[in-house]
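A.B. asks: Each chain, letter by letter, is given below.
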Amino acid sequence: MFRRLATLSLVELQKLRHDRVELYTRAVQPALWLLVFGVTFNRIHAIPTGSVPYLDYLAPGILAQSALFISIFYGIQIIWDRDAGVLAKLMVTPTPRTALVTGKAFAAGVRALIQVVVVVLLAAVLGVGLTANPLKLVGAAVAVMIGAAFFSCLSIVIAGLVLSRDRLMGIGQAIMMPMFFASNALYPVDIMPAWVRVVSYLNPLSYLVDALRGLLIGTHAHLLLDFAVLVGSAVGAIMAASALLGRLAR
Amino acid sequence: MSIDHSVSPAVSTPARGDPPALDVRGLTYRFGEKTAVDSLDLELAAGEIIGLLGPNGAGKTTAIRVIVTLLRPAAGSVCVFGVDAARQPIRARRLIGYVPQMLSADAGLTGRENVALFAGLFDVPRRRRRARVDQALAAMGLTDVADRLARTYSGGMVRRLELAQALVNAPRLLILDEPTVGLDPIARDSVWEHVLRLRAEHGMAVLLTTHYMEEADVLCDRVALMHAGRVRVTGVPSELKAALGPRASLEDVFRHHTGGALASDKEGDFRDVQHTRRAASRVG
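Residue numbers (this note's numbering), protein chains in the order written: chain S, 1 to 250; chain B, 1001 to 1284.
By construction, these hints were calculated from the structure, which means they are not laboratory data.
The beta-carbon is built from N, C-alpha and C at its ideal position, and this holds for glycine as well.
Each hint can be trusted.
With the C-beta cut set under 10 Å, the calculated list includes, among others, these residues of chain S facing chain B:
| # | residue |
| --- | --- |
| 1 | Thr7 |
| 2 | Leu10 |
| 3 | Lys15 |
| 4 | Asp83 |
| 5 | Gly85 |
| 6 | Leu90 |
| 7 | Val92 |
| 8 | Ala249 |
| 9 | Arg250 |
Full structure from sequences and hints, please.
C.D. replies: Next comes the structure, spelled out in structure tokens:
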């Protein structure tokens, strides 16, 4: 299982090495959020973030957001693989379906991680007080990988249910922004209306943001709970996506 | 047609008690109300090439997808060298090399990476992996282009790359679904030549589907003519033709056994036609 997972992960890295354009273009959006939205709102002090400057508060939120945005359409790749016959061929090897799905989740994690590097560097240039503790940076990288694994597998689950690219695009668009806004990525949970607050507690993105804030800018975080929720959601999504893979290959 | 038949050996006679390469009994698969494969029986000896022949929508691809364990049959059984594919799918998969109808090599990887992926997934030991990958690429005449991205390959080269992927596991049963759909005549001849050579050199059993009668004539020791989910007749192409008359073609045999169904425009449901078209358009 692990050897096959390593093989599948290596292939995803090879694909990335052959085509890097996507990585660069995808880094534009989070960079803009930080440069335009972050810098502006930092000046007008509209969002109450206590003693933490808004740009510092926002940077981990944007990291989590890029993990979400890059991963939530990942199911399209699976549908593409299905249409191209690649999925069927992989499923006729002795590889467990969980390994096939986890390989894709790993690829989404690596793509998100590369964006993280861009956003962290940009944040550092903008003067955000990020930690220099290597352990905390590794912890943040792990959190982003797990978060991206969850979002990408959620996308594969949707792909397995709707079975078409167009419908997946529609649903992805429909849930992406609500997940982002109904989380603590842009503003503290306390200022949200009560019902949005409930959604934000059910939203794994909030736990990713909380973990990243705690690790990167040293705010109070519930790291144990955050990682437990992230790992639990990722494992659940991998299981669900693996169970639906057969439906896609039908 | 320039295929060299001198490389094709006689079908090896299995030793008494040896299980057949493929033993399909009463295989049935339904899409909702529609019975796509209806009580299919098929036996394939080691070293034999058998063609499942029929128009779009006859149920060939569905039968193949059940045999390779992608679909679970409603009834019937599939045994690969005595291994029950429903009970032990992983063991059965280790014996099978499968090339689907679509051109399914990963365009974003090089030829070598495409083959190495399958070597890894089939547990080829790490120290032997490189040699096995090189061997498979060489057998398909792809050594010189092995480090180019597959998206730069022609349709025929992609097909050969897929054969290399299927071979890297040294399978005992090779299953090819419409191996030459959409290929130009030169690429098609090259694929045929490579399939015949594989059988000659490795004694591999080959099950292929096709709707090209000429392909069945050139490649297959036996053909099973399939129509509306059922096998109408099975036999050696030359004998089937001879039974109808001295100048009969496989088309005539097919029409004779299906009541002229080859030309019927009722055949080929949308899904199957769409698959064939998509495969052809990917070849360009």
